[in-house]
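Asker: Sequence:
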Amino acid sequence: MISMLNCPTYSSSIAGKERSDGGTHVNAGSGATNMNVACNWSENIIDSWNNMVETATYVKQLLDPYPSLKEVVIPVGTTLTATLIAWVVMPKILRKFHKYAMQTPVSVFPVNISWDPVPYDKSFWGALEDPVRYLVTFIAFTQFGVMVAPTTIASQYLEPAWRGAVILSFVWFLHRWKTNVFARTLSGQILFGLDREKLLTLDKISSIGLILIGMVALAEACGVAVQSIVTVGGIGGVATAFAAKDILGNVFSGLSMQFSKPFSIGDTIKAGPVEGQVMEMGLTTTSLLSDEKFPVIVPNSFFSSEVIVNKSRAEYRAIVTKIPLHIESLSKIPQISDDVKSMLRSNSKVFLGTDAPYCFLSCIESSLAELSLGYNLKQMPKDELYSAQQDILLQTVHIIMNHGASLGSTMQDVLAK
Numbered sequence: 001m002i003s004m005l006n007c008p009t010y011s012s013s014i015a016g017k018e019r020s021d022g023g024t025h026v027n028a029g030s031g032a033t034n035m036n037v038a039c040n041w042s043e044n045i046i047d048s049w050n051n052m053v054e055t056a057t058y059v060k061q062l063l064d065p066y067p068s069l070k071e072v073v074i075p076v077g078t079t080l081t082a083t084l085i086a087w088v089v090m091p092k093i094l095r096k097f098h099k100y101a102m103q104t105p106v107s108v109f110p111v112n113i114s115w116d117p118v119p120y121d122k123s124f125w126g127a128l129e130d131p132v133r134y135l136v137t138f139i140a141f142t143q144f145g146v147m148v149a150p151t152t153i154a155s156q157y158l159e160p161a162w163r164g165a166v167i168l169s170f171v172w173f174l175h176r177w178k179t180n181v182f183a184r185t186l187s188g189q190i191l192f193g194l195d196r197e198k199l200l201t202l203d204k205i206s207s208i209g210l211i212l213i214g215m216v217a218l219a220e221a222c223g224v225a226v227q228s229i230v231t232v233g234g235i236g237g238v239a240t241a242f243a244a245k246d247i248l249g250n251v252f253s254g255l256s257m258q259f260s261k262p263f264s265i266g267d268t269i270k271a272g273p274v275e276g277q278v279m280e281m282g283l284t285t286t287s288l289l290s291d292e293k294f295p296v297i298v299p300n301s302f303f304s305s306e307v308i309v310n311k312s313r314a315e316y317r318a319i320v321t322k323i324p325l326h327i328e329s330l331s332k333i334p335q336i337s338d339d340v341k342s343m344l345r346s347n348s349k350v351f352l353g354t355d356a357p358y359c360f361l362s363c364i365e366s367s368l369a370e371l372s373l374g375y376n377l378k379q380m381p382k383d384e385l386y387s388a389q390q391d392i393l394l395q396t397v398h399i400i401m402n403h404g405a406s407l408g409s410t411m412q413d414v415l416a417k
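Residues 1 to 417 in UniProt numbering are what the sequence shown spells out, letter by letter.
No lab work stands behind these hints: they were computed from the structure. Beta carbons: idealized from backbone N, C-alpha and C, even for Gly. Hints are not guaranteed to be accurate.
Under the rule of at most 30 Å between Cα atoms (straight-line distance), these lysine-lysine pairs were calculated in the BS3-like manner [said to hold, decoys possible]: (1) Lys-382 - Lys-270; (2) Lys-311 - Lys-261; (3) Lys-311 - Lys-349; (4) Lys-122 - Lys-99; (5) Lys-293 - Lys-311; (6) Lys-382 - Lys-341; (7) Lys-293 - Lys-198; (8) Lys-332 - Lys-322; (9) Lys-261 - Lys-382; (10) Lys-382 - Lys-311; (11) Lys-349 - Lys-293; (12) Lys-178 - Lys-261; (13) Lys-261 - Lys-293; (14) Lys-349 - Lys-322; (15) Lys-378 - Lys-293; (16) Lys-261 - Lys-245; (17) Lys-349 - Lys-382; (18) Lys-378 - Lys-198; (19) Lys-378 - Lys-322; (20) Lys-198 - Lys-122; (21) Lys-311 - Lys-270; (22) Lys-178 - Lys-92; (23) Lys-204 - Lys-122; (24) Lys-341 - Lys-293; (25) Lys-178 - Lys-96.
Derived Cβ-Cβ restraints for the label pairs, each shown as a range [as the list claims (entries may be wrong)]: (26) Thr-137 - Asp-291: 55 to 61 Å; (27) Ile-297 - Ile-93: 40 to 46 Å; (28) Glu-292 - Glu-220: 18 to 24 Å; (29) Thr-78 - Tyr-134: 17 to 23 Å; (30) Ile-213 - Ile-85: 27 to 33 Å; (31) Asp-121 - Lys-245: 40 to 46 Å; (32) Glu-220 - Lys-293: 48 to 54 Å; (33) Gly-353 - Phe-302: 30 to 36 Å; (34) Tyr-134 - Glu-220: 20 to 26 Å; (35) Asp-338 - Ile-364: 14 to 20 Å; (36) Gly-374 - Val-251: 39 to 45 Å.
Construct the entire structure; sequences and hints are all you get.
Answerer: Okay, structure coming up:
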């Protein structure tokens, strides 16, 4: 007790020694405050324990002359006290723990991803409150039931019921804490390299895993031999898995896509004959919206056997256009080609990072000459892309007309006539 009372003085002296020996400044106020809080907590706990011991001794002396009353008052009083503590005192204690955890320099349960203080409702202690409350209440009511109707509620069922309640409360606590952690992470601006879709998938998988683990543990607590059931049902499980191989294939393909990320929601993709904008990615199916605005539901296993073209992730779009000219305009093609290339280089929507735009004479026939021009357009929405192509074609035709050349007809047009 003497060492506890000397805690603040000790911390202050240490802080002062560090300032005198070393040249660096040490903030002794925060260290002294933390030590004061710890010492106050220790003193409060010791005082509470001493009061409880004195009260228990006094109650025991009162009940010793009445053995029958002792058998009723002690169980009922203990149960009621535990219930009241769980509903009235425990939330205050948990809030104190949360406040103390937020004040410590190194917290076991860190703050939010955005480094803001975590509210109590979204913290570890807030997730613990309701499961412990209802667990204590359930144990109290079952204890009352055994005392009131001992013949109706068999004592051999009491322990499995309590074990099951403990397991359910623990799984409930883990689910609440997991939900709070994922909610804080998704609401933060920094996701540490993880995107929201992966986090949502992990949230769903962890929820399913917690439910399965809770069911197995609850069955074991109730005396059901899960291992024997699994062994006997092994053949049936193999048959069921074989019958559901398509569903399992879709699930595994969906999980693989969630982590490999060949495309994301909002991307425009093409896989075999299927093309459209990704609207939703599920565990078994992926929803697309076609160019005709029809919803398309695609099984996830389809993407594992097809080449996926993600048009939204391309930095640029390669455009190749062929323009036929009359054979009489052959001498003017070099100047036309130079002017077209200059026009393409000066266009702000043409991507010049990799390949330079080109324009050259690609084909000569008896009645026409074919001019080929190619360029890369920057990534842009579809309507802007079409407008940029149209603008470049109109400028090219304008250059051809300025040089006195005329557009020709292809062999297909001549044969059609």
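Asker: Report the numbers of all earlier hints that the structure fails to satisfy, in ascending order.
Answerer: The structure conflicts with hints 24, 27, 28, although it agrees with all the remaining ones.
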